[in-house]
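Protein chains in written order, with numbering that gives the first Met the number 0: chain X, 0 to 217; chain F, 0 to 248.
Watch out, some of these pointers could steer you wrong.
[Claimed, not checked] No more than 25 Å apart at the CA atoms, straight line, and that leaves these computed lysine-lysine pairs for PhoX-like:
id : chain 1 : residue 1 : chain 2 : residue 2
1  : F       : Lys208    : X       : Lys187
2  : X       : Lys187    : X       : Lys6
3  : X       : Lys145    : F       : Lys36
4  : X       : Lys145    : X       : Lys183
5  : X       : Lys6      : F       : Lys208
6  : F       : Lys208    : X       : Lys67
Keep in mind the hints are simulated off the structure, nothing from the lab.
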Amino acid sequence: MSEVLFKLNELTVRYGNEPPVLRNLSMDLVKGSRIGLVGRNGSGKSTLLSALVGLMDDFDGELWAFGKWRRDDSDFAEVRRRAGLLFEDPDDQLFNITVSEDVAFGPFNLGWPRERVITAVRDTLARLDLSGYEERITYRLSTGEKRMVSIATVLAMDPEVLLLDEPTAGLDHRHTRLLEEILKQSSKTLLVVSHDRDFLASVTNQTIQLENGQAVYL
Amino acid sequence: MTSLLLLKVDSVIGNIDPRARLVSGFLFSVLLAVAQKWEVIAAGFLSAFLFCAAARLPWSGLRVRLIGLNVFMLALLLVMPWSVPGSVLWNIGNWTYTIEGVELALMVAVKGNAIVLAMSVFISTIDTASLGHALEHLRAPRRLVHLFLFTVRYLDILHHESRRLFRAARARGFAPRTDLHTYRTVSRLIGTIMVRSLDRSERVLAAMKARGYCGRFYLLHHFSLRMSDALFIMTVSVFVAVLAWMEWG
Ligand SMILES: Nc1ncnc2c1ncn2[C@@H]1O[C@H](COP(=O)(O)OP(=O)(O)OP(=O)(O)O)[C@@H](O)[C@H]1O
Ligand SMILES: [Mg+2]
Chain X
0 MSEVLFKLNE LTVRYGNEPP VLRNLSMDLV KGSRIGLVGR NGSGKSTLLS
50 ALVGLMDDFD GELWAFGKWR RDDSDFAEVR RRAGLLFEDP DDQLFNITVS
100 EDVAFGPFNL GWPRERVITA VRDTLARLDL SGYEERITYR LSTGEKRMVS
150 IATVLAMDPE VLLLDEPTAG LDHRHTRLLE EILKQSSKTL LVVSHDRDFL
200 ASVTNQTIQL ENGQAVYL
Chain F
0 MTSLLLLKVD SVIGNIDPRA RLVSGFLFSV LLAVAQKWEV IAAGFLSAFL
50 FCAAARLPWS GLRVRLIGLN VFMLALLLVM PWSVPGSVLW NIGNWTYTIE
100 GVELALMVAV KGNAIVLAMS VFISTIDTAS LGHALEHLRA PRRLVHLFLF
150 TVRYLDILHH ESRRLFRAAR ARGFAPRTDL HTYRTVSRLI GTIMVRSLDR
200 SERVLAAMKA RGYCGRFYLL HHFSLRMSDA LFIMTVSVFV AVLAWMEWG
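Using the sequences provided together with the hints, build the complete structure.
Here is the structure:
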């Protein structure tokens, strides 16, 4: 039996006083698994990813991550260092002025020494075909460029689990292939939201569908 | 938005260590603010002007600042001399407009212009990220530095958000006129900008936390003093020293 990295037990998540988006949802994310997360628009896929790293202020039920039950913001600090979350909207993800500063942000928070951070920034950008973007202004990039830089900010931290929210949205054919290759070659645990079935079929081997706030294994 | 705060230059001043520029701007401004002698103020104004010219600051950027300042100074010239005692120039009943008052107002105006010039050349040429980092290196309180960096970043978000929304409105045929529809649309747009910017700032905080942010910022680029910085510091020091000597020597 492989190690369970995330375990959700009857998780209920809502925004304010609205009816819950996720309702008594239970699921496991096992180490090394590669899961595609699908569901209609508004079914709660992005909400689920945020909840996994403790970004939904308020939830009912239990959430197990990396060997512990987690509840408060402080419980999740470790989770966020070990699981990389790619936001759906790159404008939410990027907040530094230059690309290199943004990519360096996460690695610095991990406490890596400066030399290692600099190497990680350079290597990650190179892997994603972004060499030469170091000093570009993040908010002046094109949509697809912003997406690639957002991916770089997550990969640079070398997390154990990748939680990717529509990573290919806005990418051209070549960059989609590049990302596909990178994910296929990686042995990390994956939870990927995407509406691109070909992409999901090539990088994941299981599918979970969100329906009425619950997880259905397909 | 940023262009109001930041002057773009491509001259030597852009390569000088931001810390040196920050300290220079500060020293110059303080000196000019406390100076009482006309020759010191005039010399200070002249040297600030010389620095601007040497740095080849764009005149268009300077003009906006100076016009704004001098409209205010003009108002000061109209009002202030009435409240300073001295030899009477005009009077309306008990109210007197004095020569001493005019002199004081003019002094404030020249000082103000000199300080704006000095700040423009020394500080406005530093991009915001470097300015924040320079402040942090100079041991300014960290909270203040973060507040500053975030303010600038969010001014920018606000600016972009508003540009996006107005563009979206224009794309669907909105043209501002002086009618009720325009006022309604604009007020709704402004409301939306506020709410969306707030929302966005919350999501950015979430994004920072998601990447392990725990209240500390790290600087990717370190500053190091070079020969040109040393030359710059020496030049500014000479100017400051001469001015200080003229004032107090
Ligand atoms: N900040 C918010 N405040 C209130 N309601 C929200 C908020 N964010 C999302 N919702 C609501 O929660 C529901 C789920 O949203 P979520 O973004 O998780 O959907 P999704 O499955 O990711 O959809 P999509 O495929 O369109 O990205 C939606 O009905 C949405 O309206
Ligand atoms: Mg979504």
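- Holds or violated: are the alpha carbons of X:Lys6 and F:Lys208 at most 25 Å from each other? Since the Cα atoms of X:Lys6 and F:Lys208 sit roughly 21 Å apart, the hinted pair holds (cutoff 25 Å).
- Message: Hinted pair, alpha-carbon criterion (25 Å max): X:Lys145, F:Lys36. Please report holds or violated.
- Response: Outside the cut-off at roughly 55 Å; violated.
- Hey, X:Lys145 versus X:Lys183, does the alpha-carbon distance stay inside 25 Å? At roughly 22 Å apart (the allowed maximum being 25 Å), X:Lys183 and X:Lys145 satisfy the hint.
- Measure nothing beyond the straight line between the CA atoms of F:Lys208 and X:Lys67; if it is 25 Å or shorter, mark the hint as holding. Cα-Cα ~19 Å, so holds.
- Task: With a cut-off of 25 Å on the C-alpha distance, tell me whether X:Lys187 and X:Lys6 pass.
- Result: This hinted pair holds, its Cα atoms lying about 17 Å apart.
- Message: Holds or violated: F:Lys208 and X:Lys187, Cα atoms, limit 25 Å.
- Response: Given that 25 Å is the threshold and the Cα spacing comes to 21 Å, the pair holds.
Of the numbered hints given earlier, the model fails hint 3 alone.
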